[in-house]
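Chemist: Given only the sequences and the hints, what does the whole structure look like? Please build it.
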Amino acid sequence: MDTLFVSLAVILAGGLSALLLSRQFIIMKLATIATVSVGCFIGLSSAFPRLFDSSSAAEVTWDWLHIFTLSFRVDSISTFFLIPIFIISPIALIYSFHYMENKEKAGRAAVNYFFYAVLVASMALVVASANIVTFALAWELMSLSSYFLVVYDYQIKANRKAGYFYFIFAQGGAMFLFTAFAVIFHHTGSFDFNLISQIPDRVKLLVFILAFIGFGSKAGIFPLHIWLPYAHPAAPSHVSAIMSGVMIKMGIYGIIRIYLLLDAPTPVIGQIVLITGVITGVLGVVYALAKQDIKKLLAYSSVENIGIILIGLGIGMIGVTEKNQAMAFFGFAGAFMHVFNHSIFKSLLFMGAGAVLHKTGTKNINQLGGLMKRMPTTGKTFLAGSVAISGLPPFSGFIGEFLIYYGGFQGIYLHKISFILSILAIISLAVIGGLATATFTKVVGLAFLGEPRTEMAANATEAGISMRLIMVLLAITCLVIGILPEPFVRLAFLGIADIHFLNSYDPASFMVIIRNISMTAVLFLAVFAAISLFRKILYIKKEIGSSPTWGCGFTQGTVRMQYTGTSYAAEMIDFYRPFVPVKSMYSGIHKIFPGTTTYETGVEDVAEKNFQKGLVKPLLLLMAKLRWIQHGNIQLYIAYIILAIVVLLVAL
Amino acid sequence: MESILSFCIAVCIAPFLAAIIQKVKAYFAGKQGPPLFINYYTMIKLFRKGSVYSTSTSFVFKLGPVVAFSTSLMMLLFFPMAGIAPVFSFHGDVIILFYLMGLGRFFTILAALDTASPFEGMGAAREAFFSTLAEATVFGILILFFRLTGSLSFGEFFSGNHAITIMGAHGALLLLVIVALFIVLLTENSRVPVDDPATHLELTMIHEVMILDHSGPDLALIELGSFFKLLFYSAFITRLLYPFQFENVFINALVFYAIVMLVYVVIGVVESITARYKMNMVPKFILTSFALVFFVTILTMEFIQ
Chain A
1 MDTLFVSLAV ILAGGLSALL LSRQFIIMKL ATIATVSVGC FIGLSSAFPR
51 LFDSSSAAEV TWDWLHIFTL SFRVDSISTF FLIPIFIISP IALIYSFHYM
101 ENKEKAGRAA VNYFFYAVLV ASMALVVASA NIVTFALAWE LMSLSSYFLV
151 VYDYQIKANR KAGYFYFIFA QGGAMFLFTA FAVIFHHTGS FDFNLISQIP
201 DRVKLLVFIL AFIGFGSKAG IFPLHIWLPY AHPAAPSHVS AIMSGVMIKM
251 GIYGIIRIYL LLDAPTPVIG QIVLITGVIT GVLGVVYALA KQDIKKLLAY
301 SSVENIGIIL IGLGIGMIGV TEKNQAMAFF GFAGAFMHVF NHSIFKSLLF
351 MGAGAVLHKT GTKNINQLGG LMKRMPTTGK TFLAGSVAIS GLPPFSGFIG
401 EFLIYYGGFQ GIYLHKISFI LSILAIISLA VIGGLATATF TKVVGLAFLG
451 EPRTEMAANA TEAGISMRLI MVLLAITCLV IGILPEPFVR LAFLGIADIH
501 FLNSYDPASF MVIIRNISMT AVLFLAVFAA ISLFRKILYI KKEIGSSPTW
551 GCGFTQGTVR MQYTGTSYAA EMIDFYRPFV PVKSMYSGIH KIFPGTTTYE
601 TGVEDVAEKN FQKGLVKPLL LLMAKLRWIQ HGNIQLYIAY IILAIVVLLV
651 AL
Chain B
1 MESILSFCIA VCIAPFLAAI IQKVKAYFAG KQGPPLFINY YTMIKLFRKG
51 SVYSTSTSFV FKLGPVVAFS TSLMMLLFFP MAGIAPVFSF HGDVIILFYL
101 MGLGRFFTIL AALDTASPFE GMGAAREAFF STLAEATVFG ILILFFRLTG
151 SLSFGEFFSG NHAITIMGAH GALLLLVIVA LFIVLLTENS RVPVDDPATH
201 LELTMIHEVM ILDHSGPDLA LIELGSFFKL LFYSAFITRL LYPFQFENVF
251 INALVFYAIV MLVYVVIGVV ESITARYKMN MVPKFILTSF ALVFFVTILT
301 MEFIQ
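First to last, the protein sequences are chains A and B.
Anchor point for the first sequence: position 592 equals 592 in the working numbering, and the numbering is continuous, going up by one each time.
Anchor point for the second sequence: position 246 equals 246 in the working numbering, and the numbering is continuous, going up by one each time.
No lab work stands behind these hints: they were computed from the structure.
A few of these clues could be false.
In the SDA-like style, the derived pairs of lysine to any residue whose C-alpha atoms are separated by at most 20 Å in a straight line are [as the list claims (entries may be wrong)]:
1) B:LYS45 <-> A:ILE537
2) B:LYS62 <-> A:ALA529
3) B:LYS49 <-> A:ARG535
4) A:LYS542 <-> B:VAL270
5) B:LYS278 <-> A:ASP574
6) A:LYS161 <-> A:PHE611
Modeler: The following block contains the structure:
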């Protein structure tokens with residue numbers, strides 16, 4: 001436990017060193033990256049052995065301000081979530097070395113590094129917290145530090161709006177969370193997490209729903225995901241990588257933690273989580289398909305993956321209430337596995353998108369194309385990440401989804417509602433998989449393949465060495481997990497070891513299946529290698545011609561004739577129309593000599609639209625009526641304060 | 001040994017079977033049609049040729065055919081042809097196999113987009129769309145079979161105590177499954193009424209338009225891969241149709257392949273007597289198969305307690 005705090009101190013020291021060294025740009029970057037990496041390494045070396053140590057969890061408590069106790073506790077679940085924090089954080093930071101190249105913004109880069117370090121430390125504190133006060137403090141620290149990371153480019157208006165969105169959702173979520181904590185405190189009279197299970201059963205569901213909304217707004221469940229597609233494109237790419245890869249998983253951690261602490265017997269919780277997961281997953285991926293901005297698309301794809309994780313958790317929770325150990329075990333294990341995998345390939349993809357943005361100046365798919373030849377390393381690693389995130393073997397994404405499928409199939413023997421929900425889970429996983437394939441073939445096929453659609457794409461050059469190095473490393477990791485999943489699956493199994501219901505389940509028989517999966521992946525690669533060799537032989541001494549693409553007789557082809565991201569997705573979007581409204585704007589032709597006509601088309605987020613209509617507008621109307629309270633008279637403000645204190649003193 | 005032999009036979013016979021469809025279509029059109037060994041001749045011809053590559057393409061274009069061919073080959077390695085155990089089999093293999101097929105599709109789509117051709121982009125978009133719908137049906141069938149047999153493997157579906165046969169207690173349910181699977185077959189193998197494999201140009205197609213720019217051995221690999229895929233789906237339907245097992249392996253294999261041929265003939269007849277649907281009808285057609293499977297699965301709630 002002490003090593004964990006040492007590592008956090010080192011990480012924070014790294015952040016501070018950035019502020020102190022902000023005049024020396026290169027040295028500042030190197031020092032921060034080195035220090036934070038060392039800190040993360042220490043943290044990892046303290047967390048890793050704990051997974052294999054089945055003895056009781058480590059605990060520490062401190063008094064703070066003589067009133068509150070800060071207490072920390074690290075069990076297997078916390079440890080499992082610490083691993084991506086300590087792995088992805090330094091990796092994204094190393095990537096940033098060549099990403100943050102603008103010397104003139106040295107001061108801002110230093111501030112960015114400082115808040116980055118604070119974010120890493122606060123995430124570690126979130127998963128290590130063991131009482132309400134500690135958790136709330138760490139949670140707020142995490143939300144605030146990430147807010148400052150999002151508004152890095154604050155001169156751009158859209159980015160300020162993005163930051164504002166994020167802030168509202170982070171604090172709105174926190175409001176629900178604190179309400180849940182207040183209800184708990186009302187019943188237990190203590191801040192301790194361990195006493196939460198003692199609150200009466202009828203309150204448990206309410207507490208869970210409140211906390212689920214709170215954590216969900218951080219994780220990005222539908223319809224509380226609206227901030228993701230704003231915040232991720234606004235933030236620098238290493239920040240998007242860590243936020244999407246790691247930080248939104250803190251919401252998942254919170255859901256798991258509150259579920260385990262509540263220990264509620266009602267089956268409704270599992271059903272809510274599963275159905276939310278299905279909605280989040282399917283709609284997330286459909287919106288991802290509809291977006292043309294790579295980073296927005298990746299943000300929606302994060303929503304989709306949160307959906308997959310929630311489906312896994314939902315299966316696990318239903319398994320617990322149905323007393324089906326296998327179902328519960330694989331549901332939870334699959335969710336954990338997917339948390340781990342997603343942190344890797346989503347970081348990889350955000351980094352790839354960042355490299356593209358850095359070198360071309362645009363992230364709009366319809367303006368890119370042909371980057372595979374101009375940025376080969378970025379292109380190949382992005383391809384690997386895309387296969388992985390589509391859940392296709394022999395890459396890592398498949399392993400987590402397979403575990404969830406396996407858990408879902410265990411539920412097929414159940415009756416009534418659990419049976420229907422298991423079917424729903426499996427079918428929606430299949431549909432999500434298919435749509436994810438469509439989404440990522442779109443990104444790779446249209447941004448990286450074909451011909452460049454604009455000058456910007458045509459003049460792109462390969463990204464800097466630190467960026468390439470990290471992307472290659474992550475891409476190889478995706479492949480390794482896909483081919484040799486056994487140690488990683490064991491890691492997920494160790495992660496769920498502290499879920500009591502699953503203690504007695506022995507997954508030995510499943511390990512055979514995992515070995516077979518690994519065998520199949522190897523077999524496929526062997527077949528693939530053999531066929532490639534066969535193809536090589538066929539082409540020995542053959543005439544290889546080269547000519548433009550066959551235009552079906554049309555000889556005046558231009559790059560603008562290529563299929564675009566919009567046209568690629570149009571048919572599929574149309575199919576999901578009620579949920580994915582397409583909005584187009586046409587200026588029309590007026591007068592005898594018409595001016596420039598414009599046509600714009602895009603997809604509206606149905607959740608955002610309804611929030612606007614149902615919540616924001618009425619709220620603004622109400623607030624406008626109450627504006628007289630804010631009159632700018634200091635004396636009266638002081639009077640308000642005194643009045644408030646008096647009322648509180650009298651009332652309590 | 002037996003398994004490997006059976007696998008080799010399947011690989012060798014697949015191009016021959018595909019020619020049956022052409023023969024049936026020729027018969028309906030009142031023509032003589034190509035010889036039954038036409039596909040072998042085509043393969044040999046293509047293997048002998050060189051290739052022309054578009055200047056727009058990258059290495060992904062060359063990767064497409066190899067990946068697609070390898071994944072189709074994997075399907076045959078795991079499927080029990082003619083009642084003989086497959087070369088490889090384990091609990092859970094169906095999931096990874098259908099996902100491998102997805103991998104093949106992923107790279108076929110990418111290869112099509114790599115050419116920068118608007119036609120091929122169009123084909124790619126349709127392929128991506130229709131396969132997401134067909135995937136739902138396939139997993140619906142897997143759910144049903146898991147409920148009936150408790151296994152997740154092609155090898156186990158058709159052997160052991162709970163083997164799926166049309167003569168069994170749930171035979172009636174299987175009839176609907178067969179229809180659904182046939183629809184998936186038509187979709188995934190780009191047959192009429194979803195797609196038209198005969199028109200080698202223009203905008204009417206899905207799969208064929210995606211491979212417009214492939215030539216020589218690359219094209220041969222794609223064609224061979226699609227023969228294997230068609231054989232896999234037909235064999236799947238055949239295993240559901242045919243309930244008996246003979247003692248003699250050879251008679252078994254003979255009857256099995258006779259029924260497979262029958263399936264091919266049916267495909268040919270369907271192609272001859274129906275026209276291709278308008279594109280906006282295709283999703284409805286595919287969803288019909290899903291509705292059938294879902295209905296059957298709901299029915300099992302009462303049958304199996």
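Chemist: Hints first: check each against the structure and report whether it holds.
Modeler: Okay, the hints, checked on the actual structure:
Proximity of LYS45 of chain B to ILE537 of chain A is assessed by CA-CA distance (about 16 Å); at most 20 Å being required, the pair is judged to hold. Only pairs whose Cα atoms come within 20 Å are accepted, and LYS62 of chain B paired with ALA529 of chain A is accepted, the gap being roughly 13 Å. Proposed proximity of LYS49 of chain B and ARG535 of chain A is supported: the alpha carbons are some 12 Å apart, at most 20 Å. Annotation: proposed proximity of LYS542 of chain A to VAL270 of chain B is violated, straight-line Cα distance about 40 Å (limit 20 Å).
Between LYS278 of chain B and ASP574 of chain A the CA atoms are separated by roughly 16 Å; this keeps the pair inside 20 Å, and the hint holds. Pair hint LYS161 of chain A plus PHE611 of chain A holds up; C-alpha atoms about 16 Å apart against a cutoff of 20 Å.
Violation of the numbered hints given earlier is confined to hint 4; every other hint is satisfied by the structure.
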